[in-house]
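J.: Start from the sequences and build out the full structure, keeping to the hints where you can.
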Amino acid sequence: MDSTIPLIIDGQDVVLQSGERQFNIPSPEANGYTSFQGATKQLAIQAAESSARAFASWSKTKPVERRELLQKLAQIFKSKAKEVEQICVEEIHCDAIYAQNIAQDGLDLIEECAALTTSAVLGSIPSVRGDGYGLVFKEPLGVILGIAPWNAPIILGLRAVIAPIAAGNTAILKGSELSPRVHYFLASLFREAGFPPGVVNFLLHGPRDGAEIFDALIKHRAIRKCNFTGSTQVGRIIAAQAAMVLKPVLLELGGKNFVIVLDDANLDLAAQEIIKGAFLNNGQICMSTDLIISTKGVAVKLEEKLLGLLQTVQQSGTVITAAAKMKLDALVKDAIDKGAKVYTAPVPDSSSNALPQSFIPTIITDLKPEMAFYETESFGPLCGLITVEDENRIIEIAEQATYGLSAAIFSNNHYKALKLAESIKSGAIHINSMTVHDEATLPHGGRCDSGWGRFGSQWGLQEFLQTKTVTLHQ
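Residue numbering for the sequence shown follows full-length UniProt numbering, beginning at 1 and increasing consecutively.
By construction, these hints were calculated from the structure, which means they are not laboratory data. Be aware that a few hints might be false.
[What the hints assert, rightly or not] Here are the simulated DSSO-like pairs of lysine-lysine, each with C-alpha atoms no more than 27 Å apart in a straight line:
id: 1; residue 1: Lys82; residue 2: Lys219
id: 2; residue 1: Lys341; residue 2: Lys327
id: 3; residue 1: Lys276; residue 2: Lys247
id: 4; residue 1: Lys62; residue 2: Lys72
id: 5; residue 1: Lys305; residue 2: Lys247
id: 6; residue 1: Lys416; residue 2: Lys219
id: 7; residue 1: Lys296; residue 2: Lys425
id: 8; residue 1: Lys333; residue 2: Lys368
id: 9; residue 1: Lys72; residue 2: Lys138
id: 10; residue 1: Lys276; residue 2: Lys425
id: 11; residue 1: Lys305; residue 2: Lys138
id: 12; residue 1: Lys138; residue 2: Lys468
id: 13; residue 1: Lys338; residue 2: Lys296
id: 14; residue 1: Lys296; residue 2: Lys341
id: 15; residue 1: Lys296; residue 2: Lys368
id: 16; residue 1: Lys301; residue 2: Lys419
id: 17; residue 1: Lys138; residue 2: Lys247
id: 18; residue 1: Lys247; residue 2: Lys468
id: 19; residue 1: Lys368; residue 2: Lys341
id: 20; residue 1: Lys219; residue 2: Lys301
id: 21; residue 1: Lys82; residue 2: Lys72
id: 22; residue 1: Lys338; residue 2: Lys325
id: 23; residue 1: Lys60; residue 2: Lys72
id: 24; residue 1: Lys60; residue 2: Lys219
id: 25; residue 1: Lys138; residue 2: Lys60
id: 26; residue 1: Lys219; residue 2: Lys247
id: 27; residue 1: Lys368; residue 2: Lys276
id: 28; residue 1: Lys327; residue 2: Lys368
id: 29; residue 1: Lys219; residue 2: Lys296
id: 30; residue 1: Lys276; residue 2: Lys333
id: 31; residue 1: Lys276; residue 2: Lys341
id: 32; residue 1: Lys82; residue 2: Lys62
[Claimed, not checked] With beta-carbon atoms standing in for the labels, derived distance ranges:
id: 33; residue 1: Glu389; residue 2: Arg221; range: 25 to 31 Å
id: 34; residue 1: Asp131; residue 2: Ser79; range: 52 to 58 Å
id: 35; residue 1: Glu90; residue 2: Leu472; range: 41 to 47 Å
All values derive from a computational prediction rather than experimental measurement. All C-beta atoms in this analysis are idealised placements derived from N, C-alpha and C, irrespective of residue type, glycine included.
T.: Right under this line is the structure:
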């Protein structure tokens with residue numbers, strides 16, 4: 001392979017000999033950067049047309065055939081997991097444990113979708129008036145555009161395309177320019193597993209070319225649906241453009257995820273789970289904990305436990321870009337200027353602390369509504385503590401939330417926690433565990449500003465099927 005990371009169109013690596021739209025990103029390699037090929041509008045159209053040709057035959061394959069190919073993909077992925085984990089660590093500055101976790105999540109997803117291919121695509125025979133039959137079929141949509149982010153590139157890269165192809169669609173994986181090595185590695189595995197050319201095509205683009213490439217793809221007649229995981233700001237743009245051409249979208253967007261700690265909670269457990277949920281992958285997970293809402297009766301003890309655990313956090317606090325650090329710095333400064341207190345983990349004794357994107361894990365206390373961080377998603381190793389009078393005020397705060405991706409409740413009264421969960425507008429609520437929780441067997445997605453639709457298991461497969469009614473008369 002050329003040293004430039006290629007695109008994959010119709011089963012072939014694509015690198016433009018002219019050098020057009022080739023981009024460099026920082027890399028731990030000796031030369032200091034990684035080069036990748038960005039798509040042009042014409043290459044994007046070629047990918048869509050390739051996937052459309054592949055759909056004609058792929059959509060007619062038997063579920064058993066698709067299951068066998070997915071099982072083979074799982075075997076290959078498992079054998080190469082360590083390799084992709086190492087690439088992930090190098091590319092997004094995560095630790096090895098996080099890379100292992102998201103690789104395991106990816107394997108679980110492939111195996112779950114493989115298991116569902118023969119049972120999820122089921123029709124029905126409803127009753128009709130008079131003689132005859134009503135037949136309801138489930139059919140694949142066509143070509144699916146899957147747009148994956150950089151922050152959990154292994155699982156989210158796979159998630160963008162696995163359910164679509166398991167349901168009989170073909171797919172285009174549009175990877176992130178911040179994790180091109182991981183996303184190319186994943187896309188190449190489908191070819192190695194024996195999937196026909198065009199079933200999974202792979203595109204990248206430069207930082208300024210996203211609008212052009214997305215516009216070319218979403219307007220192409222072959223693209224029938226788009227799934228996107230990323231920021232709410234970009235999700236709004238994608239939803240609006242897709243609506244103009246009457247194409248549905250599945251959106252898993254940002255989250256201002258909160259933890260509720262009630263008076264009867266196990267505070268040791270709550271503190272441990274909050275620290276994990278806030279600082280895993282340096283807080284760069286869509287489900288990361290941003291806010292901790294505690295009743296007044298336990299707030300002091302909870303704060304003591306959180307600050308004690310904060311001093312045991314040993315990670316570099318390296319976020320993805322210098323711009324991400326600047327955003328975090330601004331949120332902290334605003335909070336301090338408006339009366340909050342700020343506590344940080346120990347500064348690690350490593351060269352990574354000298355990087356321009358270094359941000360030490362931080363907890364803000366005495367957080368108030370007038371502070372920017374109260375409503376702004378940090379997407380970094382930063383969380384804030386809010387103290388309220390009672391549980392009624394907790395419900396008020398929860399009802400005012402504009403995001404709704406993930407939340408957590410800590411209480412030893414499980415029935416009370418379940419009743420509280422009913423009042424929270426969130427795609428997932430985790431009782432006595434952290435906000436970062438997703439599994440291949442569960443539906444995953446948000447409400448309100450966190451998007452709509454669901455990835456995961458049977459719910460994820462149904463997102464990429466359409467219903468057809470046929471009536472039969474003598």
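J.: Where does the structure disagree with the numbered hints, that is, which hint numbers, in rising order?
T.: Violated hints (numbers, rising): 1, 3, 5, 6, 11, 20, 29, 32, 33 and 35; every other hint is consistent with the structure.
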